[in-house]
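Undergrad: Here are the chains, one letter per residue:
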Amino acid sequence: MEITMTVNGTQYTRDVEPRMLLIHFIRDELELTGSHWGCDTSNCGACVVWLDGTPVKSCTALAAMAGGREVRTVEGLQRGGELDPVQQGFIACHGLQCGFCTSGMMMTARWLLDHTPDPSDAEIREAISGQICRCTGYENIVRSVRWAAEHDGRQAGSGPEAAA
Amino acid sequence: MTAVGEETTPMGYGSMRRKEDARFIRGRGTYIDDVRLPGMLYGAVLRSPYAHARILSVDVSAAEAHPKVRAVITGEMLRRRGLAWMPTLSGDRQAVLATDKVRFQGQEVAFVVADDRYAARDALELIDVEYEPLPVVMDARHALDDDAPLIRDDVDGQASNHIFDWETGDAARTEEVFARADVTIAEDLLYPRVHPAPLETCGAVADFDEISGKLTMWSTSQAPHAHRLMYAMASGIPENKIRVLSPDIGGGFGNKVPIYPGYLCAIVGSMLSGRPVKWVEDRSENLMSTSFARDYHMHGEIAASRDGTIQAVRVHVLADHGAFNGAAQPSKFPAGFFGVFTGSYDLAAAYCHVRGVYTNKAPGGVAYSCSFRITEAVYLVERMVDMLALELGQDPAELRLKNLLRPDQFPYTCATGWVYDSGDYARTLRLAMDQAGYAGLRREQAARRERGELMGIGVSFFTEAVGAGPRNHMDILGLGMADGAELRVHPSGTAVLRISVQTQGQGHETTFAQIVAEELGISPDDVEVVHGDTDQTPFGLGTYGSRSTPVSGAATAVAARRVRDKARIVASAMLEVAPDDLEWEKGRWSVRGDPDQGVTMAEIALAAHSSLELPQGVEGHLDASCVYNPPNLTYPCGAYICVVDVDPGTGKVSVRRFVAVDDCGVRINPMIVEGQIHGGLADGVGMALMEALTFDAEGNCLGGSFMDYLLPTAVECPSWELSETVTPSPHHPIGAKGVGESATVGSPPAVVNAVMDALKPFGVRHADMPLTPAQVWCAIQGRPLRTDLVLP
Chain E
1 MEITMTVNGT QYTRDVEPRM LLIHFIRDEL ELTGSHWGCD TSNCGACVVW
51 LDGTPVKSCT ALAAMAGGRE VRTVEGLQRG GELDPVQQGF IACHGLQCGF
101 CTSGMMMTAR WLLDHTPDPS DAEIREAISG QICRCTGYEN IVRSVRWAAE
151 HDGRQAGSGP EAAA
Chain C
1001 MTAVGEETTP MGYGSMRRKE DARFIRGRGT YIDDVRLPGM LYGAVLRSPY
1051 AHARILSVDV SAAEAHPKVR AVITGEMLRR RGLAWMPTLS GDRQAVLATD
1101 KVRFQGQEVA FVVADDRYAA RDALELIDVE YEPLPVVMDA RHALDDDAPL
1151 IRDDVDGQAS NHIFDWETGD AARTEEVFAR ADVTIAEDLL YPRVHPAPLE
1201 TCGAVADFDE ISGKLTMWST SQAPHAHRLM YAMASGIPEN KIRVLSPDIG
1251 GGFGNKVPIY PGYLCAIVGS MLSGRPVKWV EDRSENLMST SFARDYHMHG
1301 EIAASRDGTI QAVRVHVLAD HGAFNGAAQP SKFPAGFFGV FTGSYDLAAA
1351 YCHVRGVYTN KAPGGVAYSC SFRITEAVYL VERMVDMLAL ELGQDPAELR
1401 LKNLLRPDQF PYTCATGWVY DSGDYARTLR LAMDQAGYAG LRREQAARRE
1451 RGELMGIGVS FFTEAVGAGP RNHMDILGLG MADGAELRVH PSGTAVLRIS
1501 VQTQGQGHET TFAQIVAEEL GISPDDVEVV HGDTDQTPFG LGTYGSRSTP
1551 VSGAATAVAA RRVRDKARIV ASAMLEVAPD DLEWEKGRWS VRGDPDQGVT
1601 MAEIALAAHS SLELPQGVEG HLDASCVYNP PNLTYPCGAY ICVVDVDPGT
1651 GKVSVRRFVA VDDCGVRINP MIVEGQIHGG LADGVGMALM EALTFDAEGN
1701 CLGGSFMDYL LPTAVECPSW ELSETVTPSP HHPIGAKGVG ESATVGSPPA
1751 VVNAVMDALK PFGVRHADMP LTPAQVWCAI QGRPLRTDLV LP
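If you read the protein sequences in the order shown, they are chains E and C.
One point on numbering: in my numbering, the residue at position 164 of the first sequence is 164, and numbering is uninterrupted.
One point on numbering: in my numbering, the residue at position 221 of the second sequence is 1221, and numbering is uninterrupted.
Okay, chain E solo, but in the shape it has when bound (with noise of 0.2 Å):
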């Protein structure tokens, strides 16, 4: 079937099966890397995207429930060739070892500041609890959170009406 979705600003019209999942649409089809597949029980949480604005974990939604709407990965959190406060973040308070549910945990946590610009540390846990991280033990990841509530708005782009 034929499918057309906007990511990151771009739109795609890709010729695929009903069955696809999203996470195969974005990482074969698009060949956009950054969102990762763990687990495929929607536990592990490397596989959120946004849909339309809200975090969602790709690797139970198929492609075709995209078809129309609008999609946010990894790629395009930076804008205009800045990084976004919360990759920034990552990168200042080590929140990340092995790389590779980060794409996931800074897709949630920049959707937890554009709704909670001033999060406490257990809001930031229970945001990214349904996410699991195998190598930082959590605490530099909900430092590096804090770091981007710290620095958010401090630079152009950050919101979600800078969404492309």
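What the hints contain is simulated information worked out from the structure, not anything from laboratory work.
Please read these numbers as outputs of a predicted model, since none were measured by experiment.
Counterexamples of contact, computed for chain C against chain E with all Cβ distances above 12 Å:
hint	residue
1	Asp1170
2	Ser1305
3	Asp1408
4	His1473
5	Pro1761
To be clear about the criterion: a stretch of chain C counts as covered by chain E if any three or more of its residues have a C-beta under 8 Å from a C-beta of chain E, and this derived list gives those stretches:
hint	stretch
6	1500-1513
7	1696-1710
Glycine included, C-beta positions come from ideal geometry on N, C-alpha and C.
Mind docking chain C on chain E? Use the hints.
TA: Same frame as chain E, now just chain C:
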């Protein structure tokens, strides 16, 4: 830890931002499933639904007829080519695709190569396998019963499910000490089968070129050079015709040390189809078929005097190795480094006996950040010490302080012969107690107990033995465990370092550049680290057992010092003075007594490549290499204190605080060290409270997805409270000790000790991990569960 600003890049050791992060935070890493070659096909594995069954027939005709299928491989096809079995890292063999029987649920039976990943999966459904189910051995405790079904009837002369017996220590002397002791305690402890479960599963892209006969193998490998040899052994392709590439690895933790049947099937698939073949396992395949860890049934005993002097420890272990002995460890150590179960104490005697058996479970046995089974050893001794404290009515921290090795005892040869290099154990534990506010916590606990609240405080102290290892007695498949490093300084003064070890998130691209920077006085930003490509890097055994810094880090430092020595000779030619008249200040050789007369590394590097006349016998250019053979292991240690609250109504455990003081010697990049400790602590909480690969009586794996195999998330983990002591390793070139697994080793007993401490009012002495709400609730009722099997 505070955030690391860009301006803080040190000219050597110190916290600095990681070089590798730039690609990862942009989604531009290259993990195995991101590798995409022209014309690439996709493979999928058909797996056994039975834990033990005879294969009567395999019909692949319908699958072969699928329009998108390019090849279907069966065990019988491999057998005809002599490829049906592959060597394991323990000198056993493992079926690539089953020919005669399947021996665990999830075992590989057939392999399909198709145009896309969906078609490959579809075709699996078209393969018709007829099985005759056989009785299973799921309970290791009955593996050697007279009437136990024989699992390994493929091995000539194998009459039972016995694999090995191994012992260490002095049995007679230990018995003497036990016979005289005031107090002895015995307990059965299970360290359940767990899984490393890296977030990225295992996979490969095999690309065989039939014209050159060369195999290019992209794979999730923690040990690319060892994998190259194993592929050569298993496939018959000469080692020089194999290039193993490890791209970015999405976590390993030991899971990516062995080779797996899927890798070899991808190779055969590429040979048959003439195209590159990608195979990436799904999560269930990863949990059900690849290397597990632990599965140790331990009977521990401890002997002490009435005043609390620990005198001896004895342990008998029944080790469940699954259907093939695939444990990855130095060959002379079939129980890994379990022999350091003597822990951190000065014992008069110690003895252990380990018996390994086959069962109808997945093969493996050493993985999950365990430092070759020191995880099990530390759990054993630290639980026994806590039980001793309970028996004697002494505080568990004070009991440890009384018995810890003293600084003046190092180097210390323990009762089983391991030579501990250095430590100041009491200082480390006291720091943890101070940081936790230990006395205050005990007062709070007493007050809460008055109110019927269940608060527990758990202490553990661990000593690890990491950095395998001295090549005269440590090898894997006959390969001594020395690793190489090659350093080349370019004419402009920047450098490239090639190393044998393989990061899976540890940050080698940063820390190894920092080692060179520290030694040469150039910026880490000017040092490129090359790894993960056997055609470009020196030989070595890879990253596991916390060995990268102890072995390859040492090789790097020594190579850099050799470059520095050569730079001195070049500098002497440049300055027209004798080398002995030069002195080193970071980044510069200058004339002794005349510091203005000097040359920088960049100037020296250019001169080394120039027409400058060098002394007789000195070659141009500026490079050096080293193969580092460690004289001993390094012995990091740490003191952990965990505070838990237990809900008496539900049995739910909440980890309120966790204080960790680690001593891993010199820290190259403290930010990265702390990050590794954080991760290991989460692992420990997971194993203590949530994780177990459990089976039913028929051999069905009950932990085959992340819905069933539970891992800790951000809400189960507290905010870790870290501190450090620094006792450099006296024999390591930079005094570093290795830290990647310390927290995984040390934290499970701290958590379990805390929960048992919370349950003290109920008279509970021990309950096995994982301490799920059900397990805790049952323990409160006085009948803790068996956590490895669900029996009818």
